[in-house]
Amino acid sequence: MLPLYIILIPFALFAGGVLLYGLLTMISLYNFGGDFSAFLATFLFWAGAATVLFFAWNELGGVDWNQPLLNFSIFSSASF
Amino acid sequence: MHFPFLIKIHGGEMEKPAIFMRKHPLILFGQSLLYLALLTGPYIAYLVLRDVAVEWLNHPTLGPAVLLLVTLYDLFVLLLFYAAYMDWYLDIWVVTNERIVDVNQHGVFGREIAELQLSKVQDVASEQKGVFATIFHYGLIRVQSAGEKAQFEFAGIPYPHDIARKILELVQADQKWHREALAQEIKGTQ
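Protein sequence lines, in the order shown, are assigned to chains L and H. Going by my numbering, the first sequence opens with residue 1, and the numbers climb by one from there. Going by my numbering, the second sequence opens with residue 1, and the numbers climb by one from there.
Hints in this document: simulated from the structure, not taken from any laboratory. Note that beta-carbon positions come from the ideal geometry of N, C-alpha and C, so glycine has one too. One thing to keep in mind: the hints can contain errors.
To give an idea of the interface, some chain L residues facing chain H are shown, with a C-beta separation under 7 Å as derived from the structure [unchecked claim]:
{"id": "1", "residue": "I7"}
{"id": "2", "residue": "G17"}
{"id": "3", "residue": "L20"}
{"id": "4", "residue": "Y21"}
{"id": "5", "residue": "T25"}
{"id": "6", "residue": "F39"}
{"id": "7", "residue": "A41"}
{"id": "8", "residue": "F45"}
{"id": "9", "residue": "G48"}
{"id": "10", "residue": "E59"}
Looking at chain L on its own, in the form it has when it is part of the complex (with noise of 0.2 Å):
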């Protein structure tokens, strides 16, 4: 049986995806100059990645990941 802690694993992997072409996003905007509002947005970025990404980590605290994904006892005592 698949534990929980399964779905962290697409999870990282998307959120890594995000936050990689937000770093080439900012390298490429850099690159060509950046002035206040460039900082801005940059920061508006980083700031609302950070946020989500800990409110999310706030709520996840108390779960137990080694609990099996899909619960399939409630078969295990059917009688026809």
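We have chain L already, so just place chain H on it with the hints.
Chain H only, in chain L's frame:
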């Protein structure tokens, strides 16, 4: 902002940027409002479908999965906003004393630079259409050329009529310089 595409022109001196343009900030503001609305989507859905949402979130396995999905969605919308900002910031028009340079950013890894010599400009038109365009003074500039690319267009430009007039003045000054240079050359060969 620095312009790596400037070149040396007649007499060995560097061409000088005379006009530098980006799309009106209102264009970016409108897109930002859209992304803000998308960002608040899951939270509005939670308020509207409160009973179902609470049941799902209290489930031991479905709850964490839904939270992770919403987190990914928010990150993706933030990235779309940042990419839209980069596209607005790096799409520029520079008019120098020699050329019009149109720089178009395509994503993170794509950048297209098209140029038009002022001596090949045949016509410059400007257009301001719509309520917001009239109130906030932005519009379209169209430059007709005799070059390979027949028409250059830049939409969402602030004060398009003033910019069109300045471009025409630069075109006239450049064409006058070329006529005088040609006359000097002919005089020199005689």
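Hints, verified against the model:
| no. | hint | result |
| --- | --- | --- |
| 1 | I7 | holds, 6 Å |
| 2 | G17 | violated, 9 Å |
| 3 | L20 | violated, 10 Å |
| 4 | Y21 | holds, 6 Å |
| 5 | T25 | holds, 5 Å |
| 6 | F39 | violated, 11 Å |
| 7 | A41 | holds, 4 Å |
| 8 | F45 | holds, 4 Å |
| 9 | G48 | holds, 5 Å |
| 10 | E59 | holds, 6 Å |
In this structure, the hints that do not hold are numbers 2, 3, 6, in rising order.
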